[in-house]
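A.B. asks: The chain contents come next:
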Amino acid sequence: MWLLSLAWKNLWRNRSRTLITMASIFFAVLLSTLMSSLKTGIFDNLVDNMVGYYSGYIQIHQKGYWDEQLLDNSQEQNPILEQKMLKIPQIKGFTSRLESFALASSGDLTKGCLVQGVDPNRENIITNLKAKIVSGSYFQQGESGLILTEGLLRRMKMKVGDTLMLLGQGYHGATAAGKYPIVGVVHFGSPEINNSVLYMPLESAQELFGAYGMVTSYILQLENRRNIDDVKKEVLKISDSNLEVMTWEEMMPDIKQHIEVDSANMMYVQIFLYVLISFGIFGTLLIMMAERKYEFGMLLAIGMRKSKISILLLMESILNVFVACLLGLLASIPVVYYFHVHPIRITGSTAKAYEQFGFEPIFPTSTDSRNFLIQAFIVLCIGLVLSLYPMFQISKSNPVDSMKR
Amino acid sequence: METIIDAHNISKIYNKESIPVYAINQVHLHIEKGEFTALVGPSGSGKTTLLNLIGGLDRADEGSISINGEEITQMSSGDLIDFRLKNIGFVFQSYNLIPVLTAKENVEFIMQLQGINEKDRIERVKLLFKQIGLEDKMDYRPSQLSGGQQQRVAVARALASRPQFVLADEPTANLDSASANNLLDIMWKLNQEEHITFIFSTHDQRVIDRAKRVITLVDGRIVSDTNQVPINH
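Residue numbers (full-length UniProt numbering), protein chains in the order written: chain A, 1 to 405; chain B, 1 to 233.
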């Protein structure tokens with residue numbers, strides 16, 4: 001205990017040096033936590049946008065559907081599976097879809113489009129489709145109308161209230177044909193989606209394609225997307241063997257790859273930051289050793305073992321680094337929280353590109369506690385590893401050389 | 001008389017590989033309990049080196065040194081540190097008190113290293129501060145004490161571990177006349193009343209005058225070793 005007390009007193013012997021070391025560690029924790037939270041927040045936002053728009057975090061298909069997306073690879077609606085899914089606590093909700101391609105026709109115009117048969121209520125919970133309505137209205141109970149994307153509506157030169165003809169191939173080679181009123185229009189940022197998708201209620205789609213009681217996919221929304229692998233395992237347990245369970249990462253590997261590449265790039269920036277911090281801390285340690293060389297010689301002379309001096313120095317380092325890390329950690333909480341609530345808003349061409357793909361042009365921070373703890377832990381480890389240097393110097397010192405003026 | 005230090009034929013050689021320089025050259029030294037001995041000689045004569053060798057701070061290249069019958073030249077550096085802690089007190093020219101500790105804590109520090117319990121530490125600290133005449137300054141930091149007072153605290157620290165002897169390297173070099181005399185009075189009194197053995201390396205005539213034995217070194221060799229009647233005592 002007396003050694004700890006001495007370590008604490010020694011820490012404040014040279015107030016400026018201690019404060020400089022602490023400040024470098026404090027800002028290191030603050031910056032690296034902010035950077036890490038920003039990185040996680042940007043990627044979370046990207047994934048939430050992608051997943052929220054369309055895919056959900058997990059999908060269940062008939063085996064082979066994802067490779068060959070045909071109606072013939074659809075599955076029967078499965079109320080038992082649905083009940084079991086709702087019992088998994090980490091699943092927030094689900095919806096089912098029947099998707100296929102058809103020709104949309106009006107007057108002289110015919111365009112290819114993706115028909116999405118959706119459960120209106122559940123789809124809205126998962127993808128917030130209702131919020132994307134720009135004219136007309138969302139599906140009403142028992143209504144069999146269509147909601148078109150804005151670009152498709154424009155290409156077809158139609159308006160809300162007009163009737164659109166759909167032609168295509170149905171389930172097991174049947175002919176799909178029907179005419180439906182347009183009840184609403186939605187807007188998507190991505191031109192590809194905005195020019196080619198139309199929505200109809202699931203029952204109407206099943207009737208159109210002759211796929212009664214069939215769906216092409218179940219789309220699952222999670223309470224916390226970090227549990228995705230656990231949820232997948234749970235879903236696999238309750239699914240029939242003819243079904244495939246896919247995460248968004250498996251369905252959209254290009255997004256995952258993009259995140260990994262960007263993440264690696266940001267890691268280099270963080271490593272650069274760690275190196276800067278290391279030099280800062282090491283510099284102060286070098287000065288400290290030079291200043292106290294005579295003192296260490298005196299301590300050895302009067303009978304203080306090298307191991308005890310090393311413990312004393314280690315305690316000084318731990319106290320210094322720990323206090324600075326703790327302060328950095330505490331200071332980073334409000335900063336990260338502020339940028340979570342008030343995200344950095346990007347402007348210019350980058351913002352336009354984001355908006356084009358239906359993403360909000362913002363860089364929010366993530367408040368995931370792991371970002372705080374991991375960064376503080378890394379900086380703490382850097383500090384502690386560097387504190388081995390004074391211990392090493394002590395191990396090879398002798399009183400006579402140390403006390404030479 | 002009881003022999004405390006027995007150095008036999010010791011040498012300390014620098015530049016052994018090229019042109020050897022004998023800092024200490026085949027010195028025989030015999031110190032008995034209760035001595036008040038001054039090592040004198042010109043700069044570079046080997047006073048501090050000899051003090052370092054008999055204090056176990058440095059190793060002799062030749063010869064052997066026994067402290068209280070215990071051979072120290074073959075000890076490991078860890079054992080030597082423990083040996084110094086238990087047997088040797090040091091007083092340095094520039095006091096070398098730990099600046100963040102109070103005078104009392106500086107003296108207690110040695111006893112904490114020895115693992116002495118708090119009650120005994122407190123008793124010993126009180127006694128030592130009484131002996132050095134600084135009972136009223138026990139809670140002062142070194143920076144709040146004069147040079148002379150700091151050196152008296154250094155003497156108390158050297159005595160805290162109840163050593164076999166105290167090695168003092170130029171203890172009065174940084175002190176004014178009054179402080180030096182005061183310090184010497186205290187050390188003399190401790191020597192007379194408690195038979196504590198003091199060995200000084202010094203240039204200071206005041207120290208030399210008070211020594212019972214004066215050993216003169218030149219070029220690493222003892223050129224004279226005389227007992228004398230200390231002046232003023």
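Hints are computed from structural coordinates only; laboratory data are not their basis.
It is possible that part of the hints are untrue.
Below are the DSSO-like pairs computed for lysine-lysine, each with C-alpha atoms no more than 30 Å apart in a straight line [to be verified]:
1) B:K212 x A:K306
2) A:K306 x A:K63
3) A:K159 x B:K16
4) A:K87 x A:K237
5) B:K86 x B:K126
6) B:K16 x A:K308
7) A:K306 x B:K86
Cβ-to-Cβ under 10 Å is the rule here; a few derived chain B residues that face chain A [claimed, not checked]:
8) G44
9) L85
10) N96
11) Q114
12) N117
13) K119
14) I122
15) L127
16) F129
17) V218
18) I222
19) D225
Between beta-carbon pairs, the in silico distance windows are [said to hold, decoys possible]:
20) B:A173 x A:A331: 26 to 34 Å
21) A:W12 x B:E135: 23 to 31 Å
22) A:L388 x B:I13: 46 to 54 Å
23) B:I19 x A:A264: 45 to 53 Å
Note that CB positions come from ideal geometry on N, CA and C, so glycine has one too.
A.B. asks: For every hint, state whether the structure bears it out.
C.D. replies: Quick rundown of the hints versus the structure:
no. : hint                        : in the structure
1   : B:K212 x A:K306             : violated, 37 Å
2   : A:K306 x A:K63              : violated, 68 Å
3   : A:K159 x B:K16              : violated, 103 Å
4   : A:K87 x A:K237              : holds, 13 Å
5   : B:K86 x B:K126              : holds, 20 Å
6   : B:K16 x A:K308              : violated, 33 Å
7   : A:K306 x B:K86              : holds, 16 Å
8   : G44                         : violated, 14 Å
9   : L85                         : holds, 3 Å
10  : N96                         : holds, 4 Å
11  : Q114                        : holds, 8 Å
12  : N117                        : violated, 12 Å
13  : K119                        : violated, 15 Å
14  : I122                        : violated, 13 Å
15  : L127                        : violated, 19 Å
16  : F129                        : violated, 18 Å
17  : V218                        : violated, 22 Å
18  : I222                        : violated, 21 Å
19  : D225                        : violated, 25 Å
20  : B:A173 x A:A331: 26 to 34 Å : violated, 50 Å
21  : A:W12 x B:E135: 23 to 31 Å  : holds, 28 Å
22  : A:L388 x B:I13: 46 to 54 Å  : violated, 35 Å
23  : B:I19 x A:A264: 45 to 53 Å  : violated, 60 Å
Consistency note: the structure conflicts with the earlier hints numbered 1, 2, 3, 6, 8, 12, 13, 14, 15, 16, 17, 18, 19, 20, 22, 23.
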